[in-house]
Amino acid sequence: MMKIKIVSIPVRDQQKALDFYTDVLGFVKKLDVPLSEENRWLTVVSKFDQDGPELLLEPAPNHFEPSKVYQDALMKAGIPYTQFYVDNIQEEFERLTKLGVEFSMKPTDMGTVIVAVFNDTCGNNIQLVEEK
Amino acid sequence: MTYYIQELKRIKGVCFSNKVQIDIAVNTKKYIDTNFDKEINLDLLAHLRFTSKYHLIRVFKKYYGITPRQYLINKRVEKAKIFLKSGKSVSDTCYTIGFGSINSFSNLFKTKTGVSPSIYRKATFDKSRQ
Numbered sequence: 000m001m002k003i004k005i006v007s008i009p010v011r012d013q014q015k016a017l018d019f020y021t022d023v024l025g026f027v028k029k030l031d032v033p034l035s036e037e038n039r040w041l042t043v044v045s046k047f048d049q050d051g052p053e054l055l056l057e058p059a060p061n062h063f064e065p066s067k068v069y070q071d072a073l074m075k076a077g078i079p080y081t082q083f084y085v086d087n088i089q090e091e092f093e094r095l096t097k098l099g100v101e102f103s104m105k106p107t108d109m110g111t112v113i114v115a116v117f118n119d120t121c122g123n124n125i126q127l128v129e130e131k
Numbered sequence: 000m001t002y003y004i005q006e007l008k009r010i011k012g013v014c015f016s017n018k019v020q021i022d023i024a025v026n027t028k029k030y031i032d033t034n035f036d037k038e039i040n041l042d043l044l045a046h047l048r049f050t051s052k053y054h055l056i057r058v059f060k061k062y063y064g065i066t067p068r069q070y071l072i073n074k075r076v077e078k079a080k081i082f083l084k085s086g087k088s089v090s091d092t093c094y095t096i097g098f099g100s101i102n103s104f105s106n107l108f109k110t111k112t113g114v115s116p117s118i119y120r121k122a123t124f125d126k127s128r129q
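Chains A and B, in that order, give the protein sequences. Per numbering that gives the first Met the number 0, the first sequence starts with residue 0, numbered consecutively. Per numbering that gives the first Met the number 0, the second sequence starts with residue 0, numbered consecutively.
If you are wondering where the hints come from, they were derived from the structure by calculation, not from laboratory data. Mixed in with the good hints there might be a few duds.
Subject to a maximum C-alpha distance of 30 Å in a straight line, what follows is the list of computed DSS-like cross-link-like pairs (lysine-lysine) [unchecked claim]:
1. Lys46/A with Lys18/B
2. Lys28/B with Lys2/A
3. Lys121/B with Lys29/A
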């Protein structure tokens with residue numbers, strides 16, 4: 000029986016990413032296991048769903064050039080690497096903006112959802128989604 | 000303007016330009032979200048949106064990918080998981096989320112989650128107390 004337990008996101012600096020994803024976005028650190036050299040198996044989860052899917056902050060761009068190329072291309076095109084769901088996107092947009100987070104797209108109506116895109120400061124665009 | 004924003008604008012024009020249909024789908028979903036524990040059927044949902052049952056199903060599925068009934072079932076199972084996790088009994092959970100029969104609730108829950116409500120409760124509620 001297969002389950003989806005972890006999804007990964009490439010980051011340039013794991014500690015910086017951990018700080019941003021916990022202190023700014025509000026996720027909670029779940030696993031932090033030292034691996035070879037300075038790499039860590041580092042995952043975060045939603046504070047409100049701590050048994051839910053884990054987000055692996057993976058330093059792939061530092062070790063595998065195609066990962067860096069792909070991440071840079073997505074960033075340049077403004078394409079989100081992944082997306083997180085929120086109850087109220089306008090409130091979250093205002094909260095994050097006050098914390099200095101840069102949005103490339105403000106909350107935008109897309110029919111059945113409202114979406115916005117911000118820079119996670121670790122090499123990725125992230126999309127926020129509010130379901131109507 | 001980024002490539003992504005241009006693409007979203009294009010997709011919005013293609014898929015989300017019919018405001019009347021979107022309102023039907025979104026308001027039906029909102030009604031189910033807040034009334035999942037009550038008796039809900041297609042006649043009622045269609046009546047509330049001043050449309051036919053068939054049009055309602057078509058429009059809802061067009062924007063959410065599933066029928067209103069499937070959405071209602073998913074919503075009830077999602078709520079049931081929250082109640083069971085908090086320690087509510089299987090029978091209380093069953094009636095609280097709008098099911099009339101424990102058997103049909105248990106079968107449906109197992110189909111959707113892979114485990115029976117009692118096993119789910121044991122695994123999640125007991126774990127939270129440890």
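Against the structure, the hints come out as follows:
no.	hint	result
1	Lys46/A with Lys18/B	violated (35 Å)
2	Lys28/B with Lys2/A	holds (28 Å)
3	Lys121/B with Lys29/A	holds (23 Å)
In summary, the one numbered hint that this structure violates is 1.
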